[in-house]
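Visitor: Read off the chains here:
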Amino acid sequence: MSEYLIEARNLVRTFGTRKARVTAVDDVSFGIREGEVVCLVGESGCGKTTTGKMITSLLKPTTGQVLYQGRPVWRPDGRKADDFKTYRLGVQIIHQDPYASLNPSHTIYKILSTPLLHHKLVASPAEAMTRVVELLNTVGLGPVEDFLTKYPHQLSGGQRQRVSVARALTVNPRCIVADEAVSMVDVSIRVGLLNILSDLKRTLGVTYLFITHDLAVAKFFAWEGRIAVMYVGSIVEFASTPQLINNALHPYSKALLAAVPEADPELTRHKQRLQLRSQDIPSLLALPSGCRFHPRCPFFEPGLCDVQRPELTLLEDNHYVACHVAARQAGVAGA
Amino acid sequence: METVTTLGPTSPPLSVRDLWVEYRAERGLVKAVRGVSFDLASEESLALIGESGCGKTTLGVALIRLLVKTARIRQGEVIYRRDGRAVDVLGLNPRELRRFRWRECAMVFQSALNAFNPVLRIWDQIHDTAQAHGMVSRDEVRRRAMQLLEQVQLDPRRVIDAYSHELSGGMRQRVLLAMSLLLNPQVLILDEPTTALDILTQRTIIDLLRRLKADVGFSMIFISHDLSTAAELADRVATMYAGTIVEIGPVNDIFYRPAHPYTLGLIRAVPTVTGEFEELRSIPGAPPDLIDPPEGCKFHPRCPYATPQCRTEEPVLQPYYGETHAVACFNVARVQQDTGDLGARFSQSLGDSIL
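Chains as they are written, first to last, in the numbering used here: chain Y, 1 to 335; chain G, 1 to 355.
I should point out that these hints are in silico values taken from the structure, not numbers from a laboratory. Mixed in with the good hints, there may be bad ones.
[Said to hold, decoys possible] Which chain Y residues face chain G? A few, computed with CB under 10 angstroms, are given here:
1. 266
2. 328
3. 330
[As the list claims (entries may be wrong)] Reference listing, derived: stretches of chain G covered by chain Y, where coverage requires no fewer than 3 residues with Cβ under 8 angstroms from a Cβ of chain Y:
4. 201 to 211
5. 266 to 273
6. 282 to 293
Yeah, the Cβ is synthetic: ideal placement off N, Cα and C, and Gly gets one too.
Produce the entire structure from the sequences given, and follow the hints as far as they go.
Guide: The structure is reproduced here in structure tokens:
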């Protein structure tokens, strides 16, 4: 058995036509242990959603491999592995936009019962009803009778997102990829939804790949897990959540942490900023040489950072960083 | 313009009194803004915070009377003052209203992408606006436009002849800001100015707004569901719930000494990045239906402090702490007992500037 429930190995995904190709995800590798939470954090366009889609095989990697329980999901000829269905049932996704991810012409009962009946997880429609009621209770949608015959448009954003969570749970997945699952939900309801997801971790042992642009949410949800920071297609830092929040080593992670506005007036107005050399995110069509962050990095060293691309290197316990300067400061050579 | 009174130079540029706005809907009247009153001081920055559907945007739009046809201002006053003269915005005729908008009070709308005409260059849109408001000299408009674009840290030559789709989200937001300042308004209303922007872009806009406000000296109302933007930019914060202001006060009072259970609930629901793990609590339930709102305090069905009185009687805004902090709640004393930990956070964040 592999150490990881699910693993990304050298994932690469390119998009485009013959004229212009962009590499949205460029050699991303990580593993998630059973019951663990891993957060992918980064700004729009950094490839976090594309990575999430490859983990759930909604997108096929251009090269690289996804492993579920140590077994590859794709065969060398590019076709699905024989036990693809086990994987498919084992890894589910919750999409960002609850207004777009539920079929508007199906009732909540139909949305939740279809996967149950399709995969023959229940023996009869009556049993399907019992299970749907159970699922709605799990995600805190009650009284259940009020919801069964409703359509998505009759629900609020928060309620819809709970239905999405319930739908992901229909097939008893062992891993859920949550792609900005709480971003479109109002602050007052956000914590409730996060707590439901956390409860599933405790009661059902669900493993999470949690994708978000919001560092505060990542910190709250994955305090006992790990955070990977992505920048233009690659992971630049990967560490346990407290380490990353309190002792980030990559200049990009530092810049993000310093820039986040905080819901605390004195704290946010007195926080030290990290001045970047440029505000522009590089175009995927014209990526900078060497380290991709070098045109913006305040610690840029000419002749090193713009020439040689730093690799993700272990600098401290469980703390990986892709930065020449950070590696030297940590006394690790040859990064 | 019709002059109502003559006032001293210190009187606030904007005073809203008992403003009510309703929307006609099939099921009945949506009471989106219910009796809102506040003053906006000169060069002050006021944040309106609250969940979606609490009436923040309706209130902002009502101040410049840009409401949709199905909406109606049932009653109230919006008094605008400049140079010792005062007018009721709600009484302006269409010609006066045109002068008032943009020249006196400009609004930057949510979603910078949709605020531009996609088939016009930025320059044409700026020029159109200037012409419509009586700036006839093309050269002068061009000079002013270049200067403003520079002020928002854009490269004017690159931006002015571009189409909106050629600009990034942060650049568009900055162009909008520049355009809103074109006619030197005294009051700026910003609807979710940093929503949907990335962290580093958000930081640029926040810093820019702070600097512009200091340099140009306008007053600003900004609408945000995001408490952290309010914590960054506001001098005062007003919490809205079910169409009315339930608490208003200086930013530090609101964050460290909230007196309304809803404000307290919002603050406890938002994590901070800096520091150790903290427990968060969500506010149970959902905002009320504004067509058929509950009796009494509109927050009582979700409120842990609710008493029988709250179910029948709606509290009004009353001074709470000094003259500047007001709250609409019967149970302030009990809420106050529970805000001690926020005060501790205050002293802690003053003690060490982290990172």
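Visitor: None of the hints should be skipped; say for each whether it holds.
Guide: Status of each hint after checking the structure:
no. : hint       : verdict
1   : 266        : holds, 5 angstroms
2   : 328        : violated, 21 angstroms
3   : 330        : violated, 19 angstroms
4   : 201 to 211 : holds (count 5)
5   : 266 to 273 : holds (count 7)
6   : 282 to 293 : holds (count 4)
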